[in-house]
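Just so you know, the sequences run in chain order A and B.
Under my numbering, the first residue of the first sequence carries the number 9, and numbering increases by one thereafter.
Under my numbering, the first residue of the second sequence carries the number 15, and numbering increases by one thereafter.
Keep in mind the hints are simulated off the structure, nothing from the lab.
Simulated pairs of lysine-lysine, DSS-like, Cα-Cα distance not exceeding 25 Å: (1) 59/A <-> 119/B; (2) 115/A <-> 52/B; (3) 55/B <-> 115/A; (4) 119/B <-> 55/B.
Residues from chain A shown here face chain B by an in silico Cβ test under 8 Å; the list is partial: (5) 39; (6) 48; (7) 49; (8) 51; (9) 108; (10) 109; (11) 116.
Beta carbons are placed, not taken as given, at the ideal position from N, Cα and C, and that holds for glycine.
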Amino acid sequence: GQQLNQSPQSMFIQEGEDVSMNCTSSSIFNTWLWYKQDPGEGPVLLIALYKAGELTSNGRLTAQFGITRKDSFLNISASIPSDVGIYFCAGQLGNYGGSQGNLIFGKGTKLSVKP
Amino acid sequence: DTEVTQTPKHLVMGMTNKKSLKCEQHMGHRAMYWYKQKAKKPPELMFVYSYEKLSINESVPSRFSPECPNSSLLNLHLHALQPEDSALYLCASSRSTWVGGFGGKQFFGPGTRLTVL
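Pulled out of the complex, with its shape left as it was, chain A reads as follows (with noise of 0.2 Å):
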């Protein structure tokens, strides 16, 4: 089945410090999302993208949609405590104006910030 390779697995820095994570696919995909989760919550969705070469920020946060629509990265930068939790990349496969698009996750990526 299709795959999401999302790197890295985990992060541990330096509060203020940049990160960078992303994921990759044999696959095309028409979205893609960001996600972060804390411990017993649900995802919280942080940035969609739709457009091949999209650059999207949100507040600290910069992702972008790859032009060959296989894959994504998220920036965070200057880094805070509350940063910390699981961000989970997810591309929508199905061919564009199809009925049907699931969601397919990344394993995540576990962010640790150390103030």
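Following the hints, put chain B in place on chain A, whose structure we already have.
Chain B only, in chain A's frame:
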């Protein structure tokens, strides 16, 4: 308002019990989803409802029975579960299941932590 609510927050049940999980959204979304998530793993899709009709069942055992009474509500009925069914159950909704545009933009609820004894 981008809120999806789920009740209960926590549920402990025995293998012979019958219980239900409830999910609600008031964003006018016409697609709703149930996911199962084990610790340190990504969410796994269980069911998809599109315009109140079941459109996808990802080979989920019959001890899980979904129901969509109306466009705002989604239930998951549980019966005769096994301990390995213990997990975080997440509900999500999106404007539609359409590929591209806003169809894939799914909003998740806080989840129900289920423990089966």
